[in-house]
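Use these hints to put chain B onto chain A, whose structure you have.
Quick note, the sequences are listed as chains A and B, same order. All residue numbers for the first sequence refer to the working numbering, where the first residue is 1 and numbers rise by one. All residue numbers for the second sequence refer to the working numbering, where the first residue is 1 and numbers rise by one.
Wrong hints could be hidden among the right ones.
Ranges of calculated distance between the beta carbons of each label pair, as one might list FRET restraints [said to hold, decoys possible]: (1) A:Gly-74 - B:Thr-418: 53 to 61 Å; (2) A:Pro-76 - B:Val-388: 29 to 37 Å; (3) A:Arg-81 - B:Leu-19: 54 to 62 Å; (4) A:Ala-126 - B:Pro-133: 31 to 39 Å; (5) A:Ala-93 - B:Ala-15: 36 to 44 Å; (6) A:Val-130 - B:Val-388: 35 to 43 Å; (7) A:Asp-72 - B:Arg-24: 23 to 31 Å; (8) B:Gly-377 - A:Ala-53: 38 to 46 Å; (9) A:Pro-107 - B:Ala-15: 54 to 62 Å; (10) B:Phe-459 - A:Arg-23: 51 to 59 Å; (11) A:Arg-23 - B:Pro-133: 54 to 62 Å; (12) B:Leu-19 - A:Pro-45: 52 to 60 Å; (13) B:Asp-169 - A:Pro-45: 21 to 29 Å.
The hints are simulated quantities; they were obtained by calculation from the structure and are not laboratory data. A quick note: this is a predicted structure, and the numbers were derived from the prediction, not measured. Using N, Cα and C, we set each Cβ at its ideal position, and we do this for glycine too.
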Amino acid sequence: MTILLAALTATVIAGAVVTVSAREARAGLLGLLVVLIASPLVADPLPGPLPLAARIAAAFLAARLIAIAIRDLGQPTAGSRLGWPVEALAAAAGAAVGFGTHGLGAPALGPAAASAAGFAVGVLAAAPIVTSRDVFRLGTGAMLLLSGGLLVRAGLGGTPSDLEQLVTAGLVVGVAGAAALIIRGAREATGTLVAVDEPGGPRPPSRHLGRGSGAGSRGGAGGAHPVGGEATPGASSGASSGR
Amino acid sequence: MTVLPFLAITFGAAAASLLTRGNRRVSVWIGILGLLAAAVAAARIGSSDSLEIGGGVLAGSEYLRLFALLGSLVSLALVLLGLVANSHRNAPGVLLAGIGAGVLALSLSDARIAVLAATAGGLVGILVTIDRPATARSVIVATRELRALAIAGLLAILATAWIARPLGDLAAVPDVFGFAYVGFAVAVAIRFGAIPFHFWAARLADAAPEITLPMLMAWGPAAFAVVALAWADQSVAPLLLPLTAERIAVVAVGAVSAVLGMLAAWIQDDLEHVVGYTIIADAGIAILGLAALDPAAWEPARTWILVFVTVRSAFAAWAVSVRAAFGSRRVSDLAGWAVRAPLLGVALGIVALAAVGFPGLATWNARTALVDLTLAGPLGIVVVLSGVAQLAIYGRLLYVGLSRPSDAVRAGQSQRPTWPEAVADRNVTGRGRVERVFERGSHAGGAALDVIWSLPGAFRANRGLLAGVLALAVAGLALTISSGGLGVVEAASAVPGQDAGPGPQPGDETGPEPSSFEPEASEAVPSEPPTSGPPGSAPPSGRSPEPSFQPLPSG
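Here chain A stands alone, though its shape is the one from the complex (with noise of 0.2 Å):
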């Protein structure tokens, strides 16, 4: 492993360390931001000039997405629980086991470091996708949870082709709107960065299987989309209205 797949390794790992813990939106974005532009370049060979520009347009566009989404936002985000230092342990140890399993067993076609950073990354972003009721972390945390998944495919099959570089890139633009939305939306709907549930409110008209059934109630008022007896027939009806 050269020192500079070292270097940009430790990059990664320390942007997705800052994205985890900073409580600050802002500082999490720069750290998503420093993510998605290094670990594109933790490859052997380097992709080529091209694909890496899509790359890295891709994450300018992906953080500039979510910086609209948490613009003027006057709160922090819930940060992580545990505080920097642990989170920076786990990815630590994390990255301890991807060096240490590079190849899964046989032999591999990237580097090490692509592994290690890809573990690391992804132990990360387990705690914001599993736990998490702040919509800002789960979405960086998704960008985070494919961003490792994606380094260790570096890691294990080699620098991606061209069109693979692309197919990515459009992945993570779409990720990062997906959770710019989510965020407006959360803002949109309840002034901060979670979304739950108003407890006791009326619950769609379903029986849904398991857990979370709004068996037999039958409002429909506090479901995301209008049904029925809220809507009026035709196609003027307000059974949309707003969309």
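Leaving out everything else, chain B in the frame of chain A:
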């Protein structure tokens, strides 16, 4: 290359439709024209076309052509129904982007890239999941959707990457392939919202507009599943590994989804949830196709996927039409709907026939073949019966529809054709013969203008009728596909295979020892992967028929 125009049209029109969403009318018409153009482009996709681009290959096939064509036509019908039902302003763009991403995923020959495209395509659904103004519930549904997509995408990325390289000694370890196989199967189950991964999908029906449900819950995940099938068939199945435990787990998910999905659909009061759970139930059968790991499952699994997404789209179109006509999605409010809207009654009957089928129909044959290959004995019978038992769902809806009309239904739209009184009375006052001739000609021109000017009013007055006709058309398309029309079975049995990457190669010295291929997939004898000959190439002489899923001649 004939796939590129389709992709350019769908993605271009999707972007244009979303960018102009501030002007709803322009956005919708861009969507309609885009889908029309996409249908034309889809019909021109060549089965033997391929294009090398950026280190990857975009390949056409009959199955891809059919997927693109049906997806475009169904989406077009749904967008037109959206005009009647006043749907989400992002819906046309989402439908275009969704079908474009699905076709891109199916056309990519490298499974590692295809899963990225299929995952990206799923993300566009969030555009319609969050309403404007946003509600807390829609945001929660969207967060679940994003979480499910990210986890499914991660699993698929890792699964395809893990064994898409020379594996050395690891190729002899079944667990490696088992983990990868289960990972991808779980990813497919999550994308479909199969039970027990259905929480996000079940709530999606609360948040997403009706016309986009088929794209979010069926077409997008179906593309993902077809990629998974091709990957498993080329990377896992030919090795004939003893993946008994893994297959049992996947079969369990599929069977439980198929049975409980229908049960859940039966007890729903909300039409969108009925549609949603029937999609989940049908997805269970598709997952059985992934569990088979048998060459005999290749054609029925792919046939089933194409049939079920079309049939469920027709069911969704029917539900949209009912809500547009009567302003309610609750079954309990819709007493007498079939009396007021007989076209919709006929459409539901056709959907029921297409969904259940009977022996000889492609849908029936595919379902029973997949169940036979994965579930033996009483369990298999239960799963097949659950498919038949869905008649209870349609029977319940028809029973409600044929009862005495409720107030909501009486106040709703009738399907009786009407025409606004637009032509004004014009008296002929000319005295001379020539004068009267000119006057009558002038009156005829005026009357024609009156008629033309009344067309928008006529459209509004006949919304219920038009929605019924559209629902009927989609139901007819579904029945056509369900009966094996448009060459769906032939297309499902012959497509270019997906390149799963370098993978364990036949000449790999450290790979599993070659052995004779036996057609029974359950036999735990490792053998070499299939040779990657061109489509239609004959099997090597002196061998028994290979149990691989290599492409067959499409001609």
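* What hints, given by number in increasing order, does this structure fail? -> 2, 3, 8, 9, 11 and 12
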